[in-house]
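Engineer: Heads up: the sequence lines are chains A and B, in that order. 1 is the number of the first residue of the first sequence in our numbering; add one for each residue after it. 118 is the number of the first residue of the second sequence in our numbering; add one for each residue after it.
What the hints contain is simulated information worked out from the structure, not anything from laboratory work. C-beta: ideal position from N, C-alpha, C; glycine also. Heads up, some of the hints might be wrong.
Claimed, not checked - With a straight-line cut-off of 30 angstroms between C-alpha atoms, the simulated DSSO-like cross-links for lysine-lysine are:
no.	chain 1	residue 1	chain 2	residue 2
1	B	179	B	200
2	A	109	B	179
3	A	109	B	188
4	B	200	A	109
5	A	109	B	128
6	A	68	B	132
7	A	61	B	195
To be verified - DEER-style ranges, computed between Cβ atoms:
no.	chain 1	residue 1	chain 2	residue 2	range
8	A	40	B	131	22 to 32 angstroms
9	B	197	A	102	22 to 32 angstroms
10	A	52	B	188	12 to 22 angstroms
11	B	180	A	77	39 to 49 angstroms
12	B	187	A	41	22 to 32 angstroms
13	B	187	A	26	35 to 45 angstroms
14	A	69	B	219	21 to 31 angstroms
15	A	56	B	188	19 to 29 angstroms
16	A	14	B	197	44 to 54 angstroms
17	A	101	B	190	41 to 51 angstroms
18	B	178	A	2	13 to 23 angstroms
19	B	131	A	52	46 to 56 angstroms
20	A	42	B	170	43 to 53 angstroms
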Amino acid sequence: AQSVTQPDIHITVSEGASLELRCNYSYGATPYLFWYVQSPGQGLQLLLKYFSGDTLVQGIKGFEAEFKRSQSSFNLRKPSVHWSDAAEYFCAVVTPDGWGGADGLTFGKGTHLIIQP
Amino acid sequence: EAGVAQSPRYKIIEKRQSVAFWCNPISGHATLYWYQQILGQGPKLLIQFQNNGVVDDSQLPKDRFSAERLKGVDSTLKIQPAKLEDSAVYLCASSADRRSGGYTFGSGTRLTVV
């Protein structure tokens, strides 16, 4: 079964500084990869996704992520954070060929992003 | 397009009581998922429906949890009897095609069991 590790529970970044959130996955092949953001009391919003092809993926709100097969990683980056980026960020994976059509997402535990003024 | 609708938004019950959550997916989405998100953790898949059939319920605690999607549209998740450890946010999501990245989540139901 696949698993996702987000090693940083909390990250604090100053407004205007760059951001990198780490995500590592465990799976025999390359899964489909996703980053979601969750604001307090809200559902999950998709930031970006990777299926195949170009390993640098652009998403919404100025976010990007880079898939590195050799490191089984899919780290999320933003060049300059805004106070409104404060939220919980989740990395998630799904197998391209789930048995019987099973394709529910497997999530990491999340990284809580704090923005300092 | 309208999003995934869930109700209620909040529910407080005593342990051993029963509770039900409702989800209406995006129109035309054949696949519906229920996730449990315990505070401080990522969502965990409970069950996946394709139309009105169950595709994956391997992580559903079947001794107390049940779910149905009778007409292949909206769905109900039930807990009976509830335990303290069931306190969580229950998220519903729907998808037309995973390659399109179309997993759309509802805002969830926050359950507190006291």
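Engineer: Are the hints correct? Go through all of them and say.
Structural biologist: Hints and how they fare:
1. B:179 <-> B:200: 14 angstroms, holds
2. A:109 <-> B:179: 24 angstroms, holds
3. A:109 <-> B:188: 34 angstroms, violated
4. B:200 <-> A:109: Given that 30 angstroms is the threshold and the Cα spacing comes to 22 angstroms, the pair holds.
5. A:109 <-> B:128: 24 angstroms, holds
6. A:68 <-> B:132: 46 angstroms, violated
7. A:61 <-> B:195: 36 angstroms, violated
8. A:40 <-> B:131: 22 to 32 angstroms: 26 angstroms, holds
9. B:197 <-> A:102: 22 to 32 angstroms: 25 angstroms, holds
10. A:52 <-> B:188: 12 to 22 angstroms: 36 angstroms, violated
11. B:180 <-> A:77: 39 to 49 angstroms: 44 angstroms, holds
12. B:187 <-> A:41: 22 to 32 angstroms: 30 angstroms, holds
13. B:187 <-> A:26: 35 to 45 angstroms: 37 angstroms, holds
14. A:69 <-> B:219: 21 to 31 angstroms: 25 angstroms, holds
15. A:56 <-> B:188: 19 to 29 angstroms: 43 angstroms, violated
16. A:14 <-> B:197: 44 to 54 angstroms: 49 angstroms, holds
17. A:101 <-> B:190: 41 to 51 angstroms: 19 angstroms, violated
18. B:178 <-> A:2: 13 to 23 angstroms: Check passed, 21 angstroms falls within 13 to 23 angstroms.
19. B:131 <-> A:52: 46 to 56 angstroms: 49 angstroms, holds
20. A:42 <-> B:170: 43 to 53 angstroms: The hinted range 43 to 53 angstroms is violated for residue 42 of chain A and residue 170 of chain B, with Cβ atoms some 30 angstroms apart.
Hints 3, 6, 7, 10, 15, 17 and 20 from the earlier list are contradicted by this structure; the remaining hints agree with it.
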